[in-house]
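Chemist: Place chain B on chain A using the hints.
Number of protein chains: 2
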Amino acid sequence: MNIEMIRAAAERIRGHVVETPLLRSAFLDRVAGRRVWIKPECLQHTGSFKYRGGRAAVSALSDETRRRGVIAYSSGNHAQGVALAASEFGTPSVIVMPSDAPKMKIDNTRALGGEVVLYDRSTEDRDAIGSEIATARGLTLIRPFDEPEVIAGQGTAGLEIARQAAAAGIEKADVLVCCGGGGFASGIALALEAEAPGLRMRPVEPENFDDMIRSLAAGEIRRNATLTGSICDAIISPEPGQITFPILQRLAGPGIVVTDAEALHAVAHLFSRLKLVAEPGGAVAVAAALFHADEIAGEDVIVTISGGNVDPDVFITALSRYTV
Amino acid sequence: MNIEMIRAAAERIRGHVVETPLLRSAFLDRVAGRRVWIKPECLQHTGSFKYRGGRAAVSALSDETRRRGVIAYSSGNHAQGVALAASEFGTPSVIVMPSDAPKMKIDNTRALGGEVVLYDRSTEDRDAIGSEIATARGLTLIRPFDEPEVIAGQGTAGLEIARQAAAAGIEKADVLVCCGGGGFASGIALALEAEAPGLRMRPVEPENFDDMIRSLAAGEIRRNATLTGSICDAIISPEPGQITFPILQRLAGPGIVVTDAEALHAVAHLFSRLKLVAEPGGAVAVAAALFHADEIAGEDVIVTISGGNVDPDVFITALSRYTV
Numbered sequence: 000m001n002i003e004m005i006r007a008a009a010e011r012i013r014g015h016v017v018e019t020p021l022l023r024s025a026f027l028d029r030v031a032g033r034r035v036w037i038k039p040e041c042l043q044h045t046g047s048f049k050y051r052g053g054r055a056a057v058s059a060l061s062d063e064t065r066r067r068g069v070i071a072y073s074s075g076n077h078a079q080g081v082a083l084a085a086s087e088f089g090t091p092s093v094i095v096m097p098s099d100a101p102k103m104k105i106d107n108t109r110a111l112g113g114e115v116v117l118y119d120r121s122t123e124d125r126d127a128i129g130s131e132i133a134t135a136r137g138l139t140l141i142r143p144f145d146e147p148e149v150i151a152g153q154g155t156a157g158l159e160i161a162r163q164a165a166a167a168g169i170e171k172a173d174v175l176v177c178c179g180g181g182g183f184a185s186g187i188a189l190a191l192e193a194e195a196p197g198l199r200m201r202p203v204e205p206e207n208f209d210d211m212i213r214s215l216a217a218g219e220i221r222r223n224a225t226l227t228g229s230i231c232d233a234i235i236s237p238e239p240g241q242i243t244f245p246i247l248q249r250l251a252g253p254g255i256v257v258t259d260a261e262a263l264h265a266v267a268h269l270f271s272r273l274k275l276v277a278e279p280g281g282a283v284a285v286a287a288a289l290f291h292a293d294e295i296a297g298e299d300v301i302v303t304i305s306g307g308n309v310d311p312d313v314f315i316t317a318l319s320r321y322t323v
Numbered sequence: 000m001n002i003e004m005i006r007a008a009a010e011r012i013r014g015h016v017v018e019t020p021l022l023r024s025a026f027l028d029r030v031a032g033r034r035v036w037i038k039p040e041c042l043q044h045t046g047s048f049k050y051r052g053g054r055a056a057v058s059a060l061s062d063e064t065r066r067r068g069v070i071a072y073s074s075g076n077h078a079q080g081v082a083l084a085a086s087e088f089g090t091p092s093v094i095v096m097p098s099d100a101p102k103m104k105i106d107n108t109r110a111l112g113g114e115v116v117l118y119d120r121s122t123e124d125r126d127a128i129g130s131e132i133a134t135a136r137g138l139t140l141i142r143p144f145d146e147p148e149v150i151a152g153q154g155t156a157g158l159e160i161a162r163q164a165a166a167a168g169i170e171k172a173d174v175l176v177c178c179g180g181g182g183f184a185s186g187i188a189l190a191l192e193a194e195a196p197g198l199r200m201r202p203v204e205p206e207n208f209d210d211m212i213r214s215l216a217a218g219e220i221r222r223n224a225t226l227t228g229s230i231c232d233a234i235i236s237p238e239p240g241q242i243t244f245p246i247l248q249r250l251a252g253p254g255i256v257v258t259d260a261e262a263l264h265a266v267a268h269l270f271s272r273l274k275l276v277a278e279p280g281g282a283v284a285v286a287a288a289l290f291h292a293d294e295i296a297g298e299d300v301i302v303t304i305s306g307g308n309v310d311p312d313v314f315i316t317a318l319s320r321y322t323v
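Listed in order, the protein sequences are those of chains A and B. In this text, residue positions in the first sequence follow numbering that gives the first Met the number 0: the first is 0, and each later residue adds one. In this text, residue positions in the second sequence follow numbering that gives the first Met the number 0: the first is 0, and each later residue adds one.
Everything labelled a hint here was simulated from the structure, so no lab data went into it. Computed from a prediction, not measured in an experiment: that's the story for all the values here. Using N, Cα and C, we set each Cβ at its ideal position, and we do this for glycine too. Treat the hints loosely; a few may be bogus.
What the hints assert, rightly or not - Stretch by stretch, here's where chain A covers chain B in the computed footprint (C-beta under 8 Å, at least three residues): (1) 11–22; (2) 40–48; (3) 273–283; (4) 311–322.
In isolation and in its complexed conformation, chain A is listed as follows (with noise of 0.2 Å):
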């Protein structure tokens, strides 16, 4: 895993991807009291930065192999980026998902070309089902972070940030990025680290759900106590990447920490002010820096949104509970 593969990934993904802008508002400045440079990848297509990883590792197989087809197990971003960059191909693809994830999710990863496989959660084992599927149709497993050629993919979002920042003048700053099994924040950490050594990125976590910041921290990897209950479900995963945590090692800042309430109020805060659409979990990284200034330095501070793909219910929630 190295920058050589992040550059190869943007070779092969350009004009596919969209290059999301930076994007600023002098309100959000005044909130975190420093200027806020965001990173909307919740205009990224299938509305996550999942895409990028999706297309990089489809565009990444031999004819033949890709020929055959790729399957992934997910409920929620990595499916719909998998099945979109597979159509593109002309390529089948099998998502795997629980039986009891929303019907939207299902729809949309149908829609966009995906054979979804539902499987129960209480009773069927996942894996047993994905591999029993790709062994007969010999499919090749996309996994959703600990896969290099998805790595790099999210590093394509990396690239563009420091020629971003370099555009804009920005020499030094810290680049915050929503923290799941940390493939986005691995990813960039590794562009950045090639292409602009003087922006440092730091994972952001929801509370209870900080396996990485609290892996970083022990010096091995932890596990999440309990996947389920967070409004932050878009980048919940049990635990650290086997390639992810070593290079997050190497390369990470200090995490910081938020609370679902802190994520919600960055929602209101973006509908207002950027006139755009995060899920709690994608916006975790702006309230870090809305909310917790005092743990960034620094006159400019670089914030990813990983996702807008929020039922409107949770976004309505976010619009009534706070007035922005």
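Modeler: Coordinates of chain B only, in the frame set by chain A:
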């Protein structure tokens, strides 16, 4: 008013305006029956394209004139665009607003550096008040649309569309533009005439407030019967401008009229599919692409979103009423 003024405005405002991307969604394509390319000016500074015209107009003044300050009449997006542009130059700005304007818009205009002067719609004469202040303080009036440098600024969005369409390989398409007084529409039409003659600007207006489309049909300026009662308030103006109307007589393709319900439905689509916050008036062109497909020809359609300054209540109504 000519293309050279638009090119000059683009030079002056470069690096200050957001170059908004062209965004797509396979889901919107399906509803529209063709490829839909969205130019989201809700992501522009202050949440609407009006900042382009404000910045272009303020930057066109001589140092001496600019030092004295500017004045604008507006309860909406033009107010914020002018206030921010003036602040960036250290120029005083007076914004004359009705005292019953939404408190949030008054607060935002002040926060952006505007000196807000309130008047009572029922007992006071806005023009008399503004004119007295302007004369006493030597302020330059910046009209919302019937002002060459403002039209030039709005036209810079058209230059971007021409460039982005060429990069996407689109040679021939309609460009649907949300139309009030016609500043945005005429600026874009002039830019396309010069830079992308295969692209044709078509105005879109809300039902019962289609003064521009009726005027174009009649061959002379027609007023709206009323100015209140539309949810698309952001793009309602009394009648076409003296400068904008002849430009559109020469260059506009057939207009499209949409209902308030269609505009709200488009707001919900933009939330779900592109993670964008649009105001109903800002979504009329998207509504035309989605729900008036039979009035459009060709495989591609380019669509502007003019702004995203929507009250949470209205946005919640859109999400509650339309499941997308």
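Chemist: A separate judgement is required for each hint: does it hold in the structure or not?
Modeler: Hints versus structure:
no., hint, result
1, 11–22, "holds (count 5)"
2, 40–48, "holds (count 4)"
3, 273–283, "holds (count 5)"
4, 311–322, "holds (count 6)"
Consistency with the previously given hints is maintained throughout, with no hint failing.
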